[in-house]
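> In case you want the letters, here they are:
Protein chains: 4
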Amino acid sequence: MSRISADSKGVYIIAVTPFKDDGAIDTASVDRMVDFYFDKGTDGLTILGIMGEAPKLTQQESIAITKQVLARSAGRPVIVGVSAPGLAAIGELTKAVMDLGAAGVMVAPPGSLRTDDQIIGYYRNVVATIGEDVPFVLQDFPLVTGVQISPRTIGAIIEALPSMVMLKHEDWPGLDKISELRAAEAAGRRRISILCGNGGVFLPEEMARGADGAMTGFAFPEMMVNVCKLAGAGNLDRAQDIFDAYLPLARFEQQPGLGLAVRKYVLEKRGVISSQAQRRPGAALGTKAVAEVDRLLLRLEKRLAELA
Amino acid sequence: MSRISADSKGVYIIAVTPFKDDGAIDTASVDRMVDFYFDKGTDGLTILGIMGEAPKLTQQESIAITKQVLARSAGRPVIVGVSAPGLAAIGELTKAVMDLGAAGVMVAPPGSLRTDDQIIGYYRNVVATIGEDVPFVLQDFPLVTGVQISPRTIGAIIEALPSMVMLKHEDWPGLDKISELRAAEAAGRRRISILCGNGGVFLPEEMARGADGAMTGFAFPEMMVNVCKLAGAGNLDRAQDIFDAYLPLARFEQQPGLGLAVRKYVLEKRGVISSQAQRRPGAALGTKAVAEVDRLLLRLEKRLAELA
Amino acid sequence: MSRISADSKGVYIIAVTPFKDDGAIDTASVDRMVDFYFDKGTDGLTILGIMGEAPKLTQQESIAITKQVLARSAGRPVIVGVSAPGLAAIGELTKAVMDLGAAGVMVAPPGSLRTDDQIIGYYRNVVATIGEDVPFVLQDFPLVTGVQISPRTIGAIIEALPSMVMLKHEDWPGLDKISELRAAEAAGRRRISILCGNGGVFLPEEMARGADGAMTGFAFPEMMVNVCKLAGAGNLDRAQDIFDAYLPLARFEQQPGLGLAVRKYVLEKRGVISSQAQRRPGAALGTKAVAEVDRLLLRLEKRLAELA
Amino acid sequence: MSRISADSKGVYIIAVTPFKDDGAIDTASVDRMVDFYFDKGTDGLTILGIMGEAPKLTQQESIAITKQVLARSAGRPVIVGVSAPGLAAIGELTKAVMDLGAAGVMVAPPGSLRTDDQIIGYYRNVVATIGEDVPFVLQDFPLVTGVQISPRTIGAIIEALPSMVMLKHEDWPGLDKISELRAAEAAGRRRISILCGNGGVFLPEEMARGADGAMTGFAFPEMMVNVCKLAGAGNLDRAQDIFDAYLPLARFEQQPGLGLAVRKYVLEKRGVISSQAQRRPGAALGTKAVAEVDRLLLRLEKRLAELA
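Protein chains in written order, with full-length UniProt numbering: chain A, 1 to 308; chain B, 1 to 308; chain C, 1 to 308; chain D, 1 to 308.
Bound-form chain A, shown alone (with noise of 0.2 Å):
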């Protein structure tokens, strides 16, 4: 029933959505994957996020995933995503989700979103609908929603909403964003936690210049657990190293729309889930990519022999 704070660290990953080759939602890959992200040394996880598939689950079946994946994570933290174009779809699933043990919920902004005064104006109706007892994520991601947040605006954010703890930082470039956001820190602004998405393909200057881990859902979670222990322990090099030889696979997950079909098919390779298979619609791998992965995996392979 842990909650998260300003003071989260670690990797937060995002988790798939199992499903089977049928459509229907594999209940034991998620069991599976649950534990399988946790053996690996993930410190929470985050569910129903965009590469989670949320918006192709109905309702029942969002709670229902939610109360299996708290059930199976025993008290370890699990964000939900609950973006939504609409405040009474989001407020709706913040309390059910909460109600069964959610450690916080994850907003990203709606595409209409423009000025400042629109982005600040949101995220205050949002924390009037969810309520300020519940902390919640802000998820900064121009790319995908099309919505700017300057550093600027996230420091209002944070200033005027205490639930707001975390930052899922995935601007693009963000390394300065992170910088000036740690920056106001020190000039007496409150702490909040901030969280590395983007495939983690900067997760080293990213721990460099003051995350406190990732929340993405790379294939190697142990990748980003490595990274960011021994980005912890002052340990760059030995960080960029490991980070180095999963680079070439990273930057090929990193593929808008095509990045998840990659992210399947090495999980149920890696025998995590049953199924590599997405709900409609959903890009498929085709025969070349698949060849393309294989070929990534067996130079990833040996490159970490090489490192050991």
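No false leads were mixed into what you were given.
Dumping the calculated DSSO-like pairs for lysine-lysine here, alpha-carbon to alpha-carbon at most 27 Å: (1) A:Lys302 - D:Lys302; (2) D:Lys95 - C:Lys67; (3) B:Lys229 - B:Lys177; (4) B:Lys229 - C:Lys302; (5) B:Lys20 - A:Lys95; (6) A:Lys177 - D:Lys288; (7) B:Lys95 - A:Lys95.
Covered stretches of chain D (in silico footprint by chain A; criterion: 3 or more residues with CB under 8 Å from a CB of chain A, positions within the stretch not fixed): (8) 175-181; (9) 198-210; (10) 240-254; (11) 280-294.
Here are the simulated distance ranges between beta carbons: (12) A:Thr287 - D:Arg190: 24 to 32 Å; (13) B:Ala233 - D:Gly111: 41 to 49 Å; (14) C:Gly155 - A:Glu159: 19 to 27 Å.
If you're looking for bench data, these hints aren't it; they were derived computationally from the structure. Just so you know, even glycine gets a beta-carbon here, dropped at the ideal spot from N, CA and C.
Let chain A serve as the given structure and place chains B, C and D on it in line with the hints.
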């Protein structure tokens, strides 16, 4: 239990959703509103559209309103907007409202669609989700959705998906699109019903180009009913006289975002709904705008008297 | 050699660029057009705007037209649109036209701007490029530019950049924006001139909210001149009578993309320009649209006679 | 005086535009840069692209740079970017640079294009403007232009416009697009040259899918030259070894907006240009980013030594 078809004609009014001042659904006003719309001569209703504040309703509320409106409509056709970011929600709501007796559903394209193939593919997925037996309306509203659908793409959808029986036409400019679609029918393509939106501000020209009527929510449905009837009877000049009288107000109500506040204010003033309240986030009508609308209403009354 | 200032008032007509049927610039029509605009009572001209087909002109042509219009305007103020993707082109054209005697320049924001800071930063760069002594107009036209500028951001620009003396206001809805800007002036901020665009379709309300006039290109400048004068004299009802008579046509001319074809067609019909030709890519007015405009012109004549 | 054709192959480097610290064009660096690029084995140059700060140059400067680069290139092919909001500017610059001996021009679609028909129509207008005898490159870069061009639309352009001889491929994801285009050629469509952008971060896979080379500006052209040669010789594993060594830096240089600062910093450090200065508005590389790049350069050197 009537269903829309490619031969549907007349005025399908876009209904507002009446709320009490405290944000609760105002069920007494729902009944009064349905009666008002049909008393004014409209042929059908469309509920849960963008201007019906659909994203502000919980799923339960959406179903409850649909049930009430269908009961009060007593067999006259009611279309339900089911647009959503994910196919699961579209499928869920469609099944529920069709089971309750809706005449069809309306689906706007999600803003991420760009190429012709993506748009056609999306509607294929929609039909695979809701079933081929559910007649649906394609809402073509680039100003709000950001998705531009060429006449050729609409044609491809018409040819691929027989259950697409109606176009809610609100491209702007859009008159040539109507002509082009009708020309393709004259050349042998199957007919679809074309009802026009955009607050009705091009209705006389749209009817002359071959539209079958209006589907929009202007607070004076009698204008649209009269214009459609007069245009249908070939009396385009009288139709335009009526239209011109309402145009200063219609123009004012068509302001994006603000329009719903104008519409609800007028409907309250006309005694149709008890409160102009919108759920959060709703743009309130300021004092100056209220005075502007009041002035336009007085002028409208005077002008209609002159025309009587 | 007059220059615009924060006290500029009246109608600044957005001029078309007259072409011959073969696409060459029609210099005879340029003179006739300038005379026509001033004969109808406008106070100034704005050339090389979006509706002046500026991007279809070579740099030499832009300079040549500016020279000719300035000569023919004989000292009355001419604003030149200088919007471009790069600051170099803005600086180059501004220097050229100010040297020739332009009254000021107009700059719309490039579509890539999103956050308040980006917008303010852009206009800082513009002023650094064109020089602090060149009075400029900020064109606020989100429908076309895609950039939303909040009243707060406009205020920040007003405070930072004294050479921003005029707002071409065409946000939609935009009435409250005028009120908000004027309220800030009442509270002590320096005054700017606000001239309204959007084809003039909100002109009576805009004047009542505190606008200083119109800057748009409706093919009947006399409507805007009369509305501004009557509104300025406090006779808002007569202003609105005139306005309402023209509204069916103004609405038709305001169709995005198509509007310029309507405008040029009417100007040709009124004998102002010799040809309605646009340079490629220009949307031609089809036969049906021509008939629709002709019909609206006849009705306008009749209605004006009734009002005389 | 060579011209590009559908059979062009190899690395066409996207050249930067060297400025002095005071913003003047650094002509000495221009020559040194051209020599550097060809010394490293590139086959041609592309100048005045987005990463060449083209919109920051006056027309005269653009011509002057083209002249100098062409002279120094001594007959090797130089493509010139001519994208502009209006066809007039495209026509003007194209005529000028082709007269000077450019190998062809490159045109990206303006951001307002949406439907397939609009895109195809735009390129028809481009060819009508620049002439059918000028070979041109279609730049397909949705991340920056906002325009998505489906393989089918590219195919329609290939069939309609014989002077479209080359695709600058930087869709993301884009591997399947290459395969689809090559498959259409295998089925009989005429061949085009496909050179890949996106900073080179998918180059090994792109070559394996059938690309003819790279057209991007990574500060180590020798990486791309080697990868293309090794891939061409069938030695994909060695190609990928080289590629992987550079990937951490290539990823860093590919950050939108910031990338050019990284590239110019590295080119200055390599002694190619005298100053990393960009013209306004240019994102400067902060102290932390400089340290990050320096660290990546050291690691690169070490890794290349391991691979030697």
